[in-house]
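Chain A is already provided as a structure; the job is to place chain B on it using the hints.
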Amino acid sequence: MTSATSTTATSDGFVVVPRRHLGRWIGAAVVLVFLVWLGVSVSRAALDWGVVRSYLTFPVILTGLGIAIVLTIAAMAIGLVMGVVTAVMRMSKNPVTAGVAWLYVWVFRGTPVYLQLLIWFNLAIIFPVIGFPGLAPTRTIDLLTPFVAAAIGLGLNQGAYTSEVVRSGILSVDEGQTEAAQAIGMPRLMILRRIVLPQAMRVIIPPVGNEVIGMLKTTSLASAIGVSEILAQAQHIYFVNSRIMELLIVCAIWYLAAVSVLSIGQFYLERHYAKGSTSKALAPTPLQRLRAVFGTARSY
Amino acid sequence: MSADLLVRAESVHKNFGSNQVLRGINLEVRRGEVLCLLGASGSGKSTLLRCINHLEAVSNGRIWVDDEVIGYRQDGNRLTELSDTEVARQRRSIGMVFQRFNLFPHMTVLENVIEGPTRVQRIDAGQARQEAIELLDRVGLAGREGSYPRQLSGGQQQRVAIARALAMKPVLMLFDEPTSALDPELVGEVLDVMKDLARSGLTMIVVTHEIGFAKEVADRVAFMADGQIVELGQPQEVLVNPQHERTRQFLSRVM
Numbered sequence: 001m002t003s004a005t006s007t008t009a010t011s012d013g014f015v016v017v018p019r020r021h022l023g024r025w026i027g028a029a030v031v032l033v034f035l036v037w038l039g040v041s042v043s044r045a046a047l048d049w050g051v052v053r054s055y056l057t058f059p060v061i062l063t064g065l066g067i068a069i070v071l072t073i074a075a076m077a078i079g080l081v082m083g084v085v086t087a088v089m090r091m092s093k094n095p096v097t098a099g100v101a102w103l104y105v106w107v108f109r110g111t112p113v114y115l116q117l118l119i120w121f122n123l124a125i126i127f128p129v130i131g132f133p134g135l136a137p138t139r140t141i142d143l144l145t146p147f148v149a150a151a152i153g154l155g156l157n158q159g160a161y162t163s164e165v166v167r168s169g170i171l172s173v174d175e176g177q178t179e180a181a182q183a184i185g186m187p188r189l190m191i192l193r194r195i196v197l198p199q200a201m202r203v204i205i206p207p208v209g210n211e212v213i214g215m216l217k218t219t220s221l222a223s224a225i226g227v228s229e230i231l232a233q234a235q236h237i238y239f240v241n242s243r244i245m246e247l248l249i250v251c252a253i254w255y256l257a258a259v260s261v262l263s264i265g266q267f268y269l270e271r272h273y274a275k276g277s278t279s280k281a282l283a284p285t286p287l288q289r290l291r292a293v294f295g296t297a298r299s300y
Numbered sequence: 001m002s003a004d005l006l007v008r009a010e011s012v013h014k015n016f017g018s019n020q021v022l023r024g025i026n027l028e029v030r031r032g033e034v035l036c037l038l039g040a041s042g043s044g045k046s047t048l049l050r051c052i053n054h055l056e057a058v059s060n061g062r063i064w065v066d067d068e069v070i071g072y073r074q075d076g077n078r079l080t081e082l083s084d085t086e087v088a089r090q091r092r093s094i095g096m097v098f099q100r101f102n103l104f105p106h107m108t109v110l111e112n113v114i115e116g117p118t119r120v121q122r123i124d125a126g127q128a129r130q131e132a133i134e135l136l137d138r139v140g141l142a143g144r145e146g147s148y149p150r151q152l153s154g155g156q157q158q159r160v161a162i163a164r165a166l167a168m169k170p171v172l173m174l175f176d177e178p179t180s181a182l183d184p185e186l187v188g189e190v191l192d193v194m195k196d197l198a199r200s201g202l203t204m205i206v207v208t209h210e211i212g213f214a215k216e217v218a219d220r221v222a223f224m225a226d227g228q229i230v231e232l233g234q235p236q237e238v239l240v241n242p243q244h245e246r247t248r249q250f251l252s253r254v255m
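So the sequence lines, in the order shown, correspond to chains A and B. Under our numbering, the residues of the first sequence are numbered 1 to 300, in order. Under our numbering, the residues of the second sequence are numbered 1 to 255, in order.
It is worth saying that the hints were derived from the structure and are not from the lab. Careful: at least some of the hints might be erroneous.
Unchecked claim - Output of the computed footprint for chain B on chain A, the stretches with three or more beta carbons under 8 angstroms from beta carbons of chain B:
1. 170–180
2. 191–204
3. 229–237
Owing to the predicted nature of the structure, the values given are computational and were not obtained by experimental measurement. From the three backbone atoms N, C-alpha and C, an ideal C-beta is built for every residue, glycine too.
Bound-form chain B, shown alone:
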């Protein structure tokens, strides 16, 4: 794998029982690249994202992040399933932001952000707090450290969730429809934070329905249908001049 490749998926399949959700995904993401995954619901884009940090185990094929096979150790042609601890270690460098935020409701904003650094990476609490306060400032939530998640709006909660993921200093960020559960007037504040991250050179894979965001921020756009990537390329090509019939249908419906 060449040095500037961060993520590689090779013929990834995922079945839930007899239901084939992913049917042979091949994908490469370079370091610093922002890739948007588009597609109708049920096309498998969230499942692909969840396979990348092993929240779902692939049924077939392999995914590499930073030269490591996710969920397995490879010796020659032999794949050994990793233990829980080793999977947890692999996930530490992959941040994830969920559609429904999934903040820890029994912890304050600050506690949410420092939970990973202090408990998982075991860094000094004072340093973790300092970094957390800087991160919260970066996502526009300075001064809200002591609030509990339920005291915040959806947009604020999602920005805390982004700060919580960033606190682990990930090499890759996965966004699973980060604005789909938000009131329309709150979508912008979350997208602004994500644009800022993209400009900072963070590698991001974003499942989204925000075509405008994809057009503006994505380096490449992948369009998925029926568990396959049917079209992949620059946003200008895929979104403005789609080649595939399914992409055209989808875009005509959402735009």
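So that you can see chain A by itself, here it is in the shape it has in the complex:
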């Protein structure tokens, strides 16, 4: 911005006076004033940052964070599998499988995920015993622990949304790709796995990355059915010591940290599936840029 007001002399003797960006200066000043005001207010707030710092690494909080992350992974795994299976079923020529897939999406997208969690958690009321063919019947309460109920509930709900993402990804792959694979004698499932899905991934990953981030935050709903994830743990603590805001800020910091890590993972995944998608070389990763700066770059 400083260069915006300076003048530069060009070689042919003319003096070029750049345009003054008065609006930019005003805009920046307004935002800075607001930030200072916010900072001063927060510093004056009755918040004990020492408490925030000490609870940040409190074992129960870390356990809760771990449970939230494991629950995210479990629910997204169920969601992705259900999403791919449902997408393929919906695109099938068989009206029964296509209809069942449609029904699944309709039910699970059409009801609140909170309600679905409560239903899974309370399933033992209507099905006290669950039996699978070939397995001994089990008491539902033993099988559907809060964590399992939450993973299934969140995962099945997610699958309904992910199936639409996967379907749009599959539809984005040119039909000629399938024909070329058929022409070299590939069977149908291999075409899906080797040719269509890898190309669909470019379209699928950005929204699924969004969904993973959303899922991490939605795991906080699982506290309602007794899963001791990070927010539930924070609540248990502040019910006792009344440091409500401090503990909520601890949670916010951890969620932000976890989401940042996930965003980095998404960057590398997108890069991996961008292979061959442009005629230029891929944009370097931050690490590769650093290496280039320090002259330790290897050829990639």
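Chain B in isolation, oriented as in the chain A frame:
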């Protein structure tokens, strides 16, 4: 079917809804023969080609390749539709080259060529690579193994597509307007590769608008109009001295 016949089509019909695209095609192609299919767009030549490897199922009639009915198993007068796996097996010996190349963009040139041999025929990866490198050399693309399709020109992509089809060691190659999507200056390099294949004795059915190529390379030329073959014979007869009115009209427009 006599031993030197590779492809036989018998009264092949194909409808898309009420639209009759093929209306009774009878055709025989001998081993080692190069047949060019000519005709105006919409005359059904691409559809006929796609019926030969069952990318389209025929509505009526039968097609044999190498003594096997394509898409069906015949017991007496009973035709049983083949499963996906069996259709896939039949396609392995029939190579196809598409107008728009249809290379797999997420794989390198080498990966494109070895995909079929390693995944479908399950031959050893090292051997597949060796053969792929030789094939790429044959189509003039030695050294481009690591490139991705989008980094190549159209002519280079089409030559990779030819190598990919040849890697399956097909008994028959189908070319569906292989030069129609190319810039004019790139047509020659693809046709040169195809001429080389024709000289090597590969059986080829080529849908094309390249009259010069047909005249030079084809053993026979078939001219199609309205879903039928209206004229079939040596290129010198059909292209130089056409008997049918539709052939004359077409040739006067393209030459």
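Cross-check of the supplied hints:
1. A stretch counts as covered by a chain when three or more of its residues have a beta carbon under 8 angstroms from one of that chain; for the region 170–180 of chain A and chain B the count is 5, and the coverage holds.
2. With 4 residues carrying a beta carbon less than 8 angstroms from a beta carbon of chain B, the region 191–204 of chain A meets the three-residue requirement, and the given coverage holds.
3. Check on the region 229–237 of chain A: 0 of its residues sit with their Cβ under 8 angstroms from a Cβ of chain B, so the three-residue criterion for coverage is violated.
Against the hints set out earlier in the document, a violation occurs for number 3 only.
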